[in-house]
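**Q** Sequence:
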Amino acid sequence: MHNVALRPLVARRPAAPLAGTLRVPGDKSISHRALMFGALAVGETRISGLLEGEDVLRTAAAMRMLGAEVTQDGPGAWRVAGRGVGGLAEPADVLDMGNSGTAARLLAGILASHPFFSVMTGDASLRRRPMRRVTEPLAACGARFTGRSGGRLPLAIEGAADPLPIEYRVPVPSAQVKSALLLAGLNAPGITRIEEPEATRDHSENMLRHFGAEIVVETRGAGRVIALVGQPELHAADVAVPGDPSSAAFPLVAALLVPGSSVRITGVGLNPLRCGLFTTLREMGADLRVENERVEGGEPVGDIVANHAPLRGVEVPPERAPSMIDEFPVLAVAAAFAEGLTHMRGLQELRVKESDRLSATAALLTANGVRVEILGDDLIVHGGRPPAGGATVATHMDHRLAMSALVFGLAAEAPVAVDDSAFIDTSFPGFVDLMNGLIAGPAPIAAPEGNAV
1 MHNVALRPLV ARRPAAPLAG TLRVPGDKSI SHRALMFGAL AVGETRISGL
51 LEGEDVLRTA AAMRMLGAEV TQDGPGAWRV AGRGVGGLAE PADVLDMGNS
101 GTAARLLAGI LASHPFFSVM TGDASLRRRP MRRVTEPLAA CGARFTGRSG
151 GRLPLAIEGA ADPLPIEYRV PVPSAQVKSA LLLAGLNAPG ITRIEEPEAT
201 RDHSENMLRH FGAEIVVETR GAGRVIALVG QPELHAADVA VPGDPSSAAF
251 PLVAALLVPG SSVRITGVGL NPLRCGLFTT LREMGADLRV ENERVEGGEP
301 VGDIVANHAP LRGVEVPPER APSMIDEFPV LAVAAAFAEG LTHMRGLQEL
351 RVKESDRLSA TAALLTANGV RVEILGDDLI VHGGRPPAGG ATVATHMDHR
401 LAMSALVFGL AAEAPVAVDD SAFIDTSFPG FVDLMNGLIA GPAPIAAPEG
451 NAV
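Just so you know, the sequence shown maps onto residues 1 to 453 in UniProt numbering.
It is worth saying that the hints were derived from the structure and are not from the lab. One or more hints might be untrue.
[Stated by the list, open to error] Quick list of the computed label-pair ranges, beta carbon to beta carbon:
id, residue 1, residue 2, range
1, Asn292, Pro130, 52 to 62 Å
2, Val295, Arg144, 39 to 49 Å
3, Glu413, Glu373, 15 to 25 Å
4, Pro130, Glu296, 46 to 56 Å
5, Glu449, Gly86, 31 to 41 Å
6, Pro171, Ala89, 30 to 40 Å
7, Gly384, Ile191, 48 to 58 Å
8, Arg144, Pro386, 52 to 62 Å
9, Gly437, Thr366, 50 to 60 Å
10, Thr392, Val217, 18 to 28 Å
From the three backbone atoms N, C-alpha and C, an ideal C-beta is built for every residue, glycine too.
Could you put together the complete structure from these sequences and hints?
**A** Rendered as structure tokens:
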């Protein structure tokens, strides 16, 4: 995916506050799952609001290669004619998942319980990410995986001819691991039972019910046990994809940091297991309110209004991490502008994202004049408004680091640059135009002089 020229960008303080109403792209997690479950269902599933970023388009392409009919009808409108549980076909070529760890790990679950051979790869960033946390428990269903050291991509998969149900306790909170095991369990007789020590995003469970699977979720302390009855006949079901709360985080935090700003984001997904950032920002003193709450396609949705407000440092408990794991870089940016110390605990999962996000987030802040400490798996940010800025941030092909750095630049004393922005489209196509569209006057996010966006 990334064999293209670098696209550096610079963000500087805007001449006017952020103001306006917008809708962010569809939820990436739900978009991946809608395509996958549609391919495993009988009949035609219609999807509206699908995120058409590079990551999700890779999933659409993979489902086509596995025999499903995947058709685009218009912006965000897609149809999937499924093959039924166990009905996918052996792909004739390598499945290239680009930069998407979610797509790769969930697809490994599907491939593990189909009796054919497949090979999966990805871009340079994805090929560095560990897959063993998924492949080791998936081997219990009878699949065989052969990959590079650490179980990394490219990965050859021999799916089980007679898949077995899985019983597994996920050692660390991971919706990707849980979902991969549930997807494998769909094609196995009997009950697949997954225990997670802390509740993680439950889009897979919600969508399984939506498509007609029999699934029971039992709460145990902070965690849950999910039991799935295997070999159901999933029936096509329309899916309305809400706006991605992880994408909404960037304009929301920008509005909180730029004086005088007021931004409304419509149709944002409000799944309680995805709203840790909103909870934390409110604890920091953010002026955030939710309006027009409703349920669409089994997921809670609402409009979020953010107004500029001074922020203060807080302690973020480790049990909240699964509900905001993708938002810590932009939260760290908010913390840099808050008064006092913000202590974010239990961030070990950030080390295995598109980059080592824990170290890269700390480097982003340090380069721009913010005092930061990493203690084990904790990140401590010493805030003060406004930080100096002025640095060029190494993004490591990580879309969320790039967007977080650009939000930082909108409120820092000096402009902030990113070395590359080409991969932002993996999750947030049109990010730069959307952000610039909220501000009257010259575009605050632009290519450096002598470069074209």
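**Q** A separate judgement is required for each hint: does it hold in the structure or not?
**A** Hints, one by one, checked against the model:
Here the CB-CB span from asparagine 292 to proline 130 is close to 41 Å, at odds with the stated 52 to 62 Å. At roughly 42 Å, the beta-carbon separation of valine 295 and arginine 144 lies within the given 39 to 49 Å, and the hint holds. For the hinted restraint 15 to 25 Å between glutamate 413 and glutamate 373, the CB-CB distance of approximately 22 Å keeps it satisfied. The supplied range of 46 to 56 Å is broken by proline 130 and glutamate 296, whose beta-carbon atoms lie about 35 Å from each other.
The beta-carbon spacing between glutamate 449 and glycine 86, approximately 57 Å, falls outside the hinted interval of 31 to 41 Å. Between proline 171 and alanine 89 the CB atoms are about 34 Å apart, so this pair conforms to the stated range of 30 to 40 Å. Restraint check, glycine 384 to isoleucine 191: a C-beta distance of roughly 54 Å satisfies the suggested window 48 to 58 Å. A hinted range of 52 to 62 Å for the beta carbons of arginine 144 and proline 386 is consistent with their spacing of about 54 Å.
A hinted range of 50 to 60 Å is violated for the C-beta pair glycine 437 and threonine 366, which are about 31 Å apart. For threonine 392 paired with valine 217, a C-beta distance near 46 Å fails the hint of 18 to 28 Å.
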